[in-house]
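Engineer: Below are the chains, spelled out letter by letter.
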Amino acid sequence: MSALGTDSMKDDKKMAADGGFEPNIVGFLCNWCSYAGADLAGTSRMQYPPNVKIIRVPCSGRVNPLFILKCLMDGADGVLISGCHIGDCHYSEGNYYARRRFAVLKNFLEYIGIDPRRFQMSWVSAAEGDKWAKVVKEVVEDIRNAGPNTISAEKK
Amino acid sequence: MIEEIRQKAKELLAASKVDMVIGYRRSGDGVSTVPAFIDSAQDVDSLVWDQNCVYNLANYLREFPGKKIGVVAKGCDARAIVVLLQENQLERENLFIIGVECGVTDISEKCAACPRTVSAICDILIKEKGRKSGAPGNEKDAYAAVEALEARRAEERLGLWREEFSRCIRCYACRQVCPMCYCPKCVADQTMPAWFSKATSLEGNFAWNVTRAFHLAGRCVDCGECERACPVGIPLRDLNKKLEKEAKELYKYEAGSSVEAKPLFASYDKDDPKDFIK
Ligand code: SF4
Ligand code: SF4
Ligand code: FES
Chain A
1 MSALGTDSMK DDKKMAADGG FEPNIVGFLC NWCSYAGADL AGTSRMQYPP
51 NVKIIRVPCS GRVNPLFILK CLMDGADGVL ISGCHIGDCH YSEGNYYARR
101 RFAVLKNFLE YIGIDPRRFQ MSWVSAAEGD KWAKVVKEVV EDIRNAGPNT
151 ISAEKK
Chain B
1001 MIEEIRQKAK ELLAASKVDM VIGYRRSGDG VSTVPAFIDS AQDVDSLVWD
1051 QNCVYNLANY LREFPGKKIG VVAKGCDARA IVVLLQENQL ERENLFIIGV
1101 ECGVTDISEK CAACPRTVSA ICDILIKEKG RKSGAPGNEK DAYAAVEALE
1151 ARRAEERLGL WREEFSRCIR CYACRQVCPM CYCPKCVADQ TMPAWFSKAT
1201 SLEGNFAWNV TRAFHLAGRC VDCGECERAC PVGIPLRDLN KKLEKEAKEL
1251 YKYEAGSSVE AKPLFASYDK DDPKDFIK
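Here the protein sequences come in this chain order: A and B.
This note's numbering applies: residue 1 is where the first sequence begins, and numbers increase by one.
This note's numbering applies: residue 1001 is where the second sequence begins, and numbers increase by one.
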């Protein structure tokens, strides 16, 4: 059990049936755009990989850098934040603040040696089901190439 | 310089312009210094000033709400005061800032690359004799260590930080000594939810060190106190400096340079970098 009461993702099966690596990705999606966009992708029966576990947040500006860290420390192979396009945030400027802080976080994580592919952002509107499917495909591919997360794995 | 500092402190206390002067006094070992909290004009002679005056005195200012405080401030202490004012943690009218021109470039390693040796904000500036007034500090090589790390391979960087962080004993000295680490309840102490392990596991240590550094992005003034306080010698300034460099390069933002400026992450610009977003 991790401290948040969720089962640590470290224990999840990382290998698909065929032996290939299946990345475990956490997605933080803003309620008003990206979550609806992902919903549209589903109701439109678009095919895309099931690797992103979605957590709905009110706004991309709600995402605390601690969320990202928590995911990566608990063994997620990648994190994706998705919100409304710039200008469309339902709280006017939440995504501006998010953009600013996560640009720095991304570079900082890279500096520490964490593959930048593990932390990604996208703007997907409620009408962009197709874009959501495309983003997920790309992100899953990226993180598959980055390999399993071993950032905080104790030395064997 | 010390005579001028004592004189000013005496004057302020005698005239009841301040309730207390915070400066430095000699510690028991006869060499190093500790913060001095002087509330009577008779005691000003215990104040000292030399290259052992390392503490960032801005760290103590929040502890005396409503009191008028005179404070001896080096360049870095003054920048920290600016940040605290920006964040509404202090009342400017309750402070009398005794700026000291800090020519002692061997206070610690950070001083060698300190860009500003003169207080960014002060009510009186006590100059160092024989030093050309306003002479700039030494800014060259400020990011040499950061750049050297950036140039290495990602796996090497991760390996290096894993090794550094694995030594952390979670004493939180780095937090206690930092003027900007004033959250009433640090995430490291929270249990509901517990954001990361409190044990000295690599996972918890990694999360702690990244969190500490990141929460100081755009706020750290590079006083170097955290690194000095760390008992196991983790190069914390190499983390802080990277964030300082990012703030400068991405947003032209420098912590502690203006009381009027909005804090880095409490502001944005329509033209902020966006290429990393899909
Ligand atoms: S993080 Fe360290 S160097 Fe930066 S202001 Fe705090 S104590 Fe000083
Ligand atoms: S001072 Fe050093 S050992 Fe103590 S918590 Fe901070 S980084 Fe860890
Ligand atoms: S509401 Fe969607 S990003 Fe703010």
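It should be emphasised that the hints constitute simulated quantities derived from the structure, not laboratory data.
A portion of the hints provided could be inaccurate.
[Stated by the list, open to error] In silico DSSO-like pairs for lysine-lysine, Cα to Cα no more than 30 Å straight-line: (1) Lys1278/B with Lys134/A; (2) Lys1274/B with Lys1252/B; (3) Lys1185/B with Lys134/A; (4) Lys1248/B with Lys1262/B; (5) Lys1278/B with Lys1185/B; (6) Lys53/A with Lys1017/B; (7) Lys1067/B with Lys1262/B; (8) Lys53/A with Lys1252/B; (9) Lys137/A with Lys1262/B; (10) Lys1248/B with Lys53/A; (11) Lys131/A with Lys1068/B; (12) Lys1017/B with Lys1068/B; (13) Lys1252/B with Lys1067/B.
Engineer: Are the Cα positions of Lys1248/B and Lys1262/B separated by 30 Å at most?
Structural biologist: At roughly 15 Å apart (the allowed maximum being 30 Å), Lys1262/B and Lys1248/B satisfy the hint.
Engineer: Has the given pair, Lys131/A with Lys1068/B, been kept, meaning a C-alpha gap of at most 30 Å?
Structural biologist: The hint is violated at about 58 Å.
Engineer: Run the distance test for Lys53/A versus Lys1017/B: straight-line Cα separation, threshold 30 Å.
Structural biologist: Given that 30 Å is the threshold and the Cα spacing comes to 60 Å, the pair is violated.
Engineer: Is the straight-line distance between the alpha-carbon of Lys1248/B and that of Lys53/A 30 Å or less?
Structural biologist: Violated: Lys1248/B and Lys53/A sit about 35 Å apart, past 30 Å.
Engineer: Checking one constraint from the list: CA of Lys1185/B to CA of Lys134/A, max 30 Å. Satisfied?
Structural biologist: Given that 30 Å is the threshold and the Cα spacing comes to 41 Å, the pair is violated.
Engineer: Does Lys1017/B pair with Lys1068/B here, judged by a C-alpha cut-off of 30 Å?
Structural biologist: Measuring from Cα to Cα gives roughly 7 Å; hence the hint holds.
Engineer: Would the pair Lys137/A and Lys1262/B pass a check requiring their Cα atoms to be no farther apart than 30 Å?
Structural biologist: violated (38 Å)
Engineer: Going straight from one Cα to the other, do Lys1252/B and Lys1067/B come out at no more than 30 Å?
Structural biologist: violated (35 Å)
Engineer: Does the structure keep Lys1278/B and Lys134/A at a Cα separation of 30 Å or less?
Structural biologist: holds (10 Å)
Engineer: Is it true that the CA of Lys1278/B sits at most 30 Å from the CA of Lys1185/B?
Structural biologist: Given pair Lys1278/B, Lys1185/B is violated - Cα atoms ~35 Å apart, limit 30 Å.
Engineer: Does Lys1252/B lie within 30 Å of Lys53/A when you go C-alpha to C-alpha?
Structural biologist: It is violated: about 36 Å lies between the C-alpha atoms, which goes past 30 Å.
Engineer: Does Lys1252/B lie within 30 Å of Lys1274/B when you go C-alpha to C-alpha?
Structural biologist: Holds, at about 16 Å.
In summary, the structure is inconsistent with hints 3, 5, 6, 8, 9, 10, 11 and 13 from the numbered list given earlier, while agreeing with the others.
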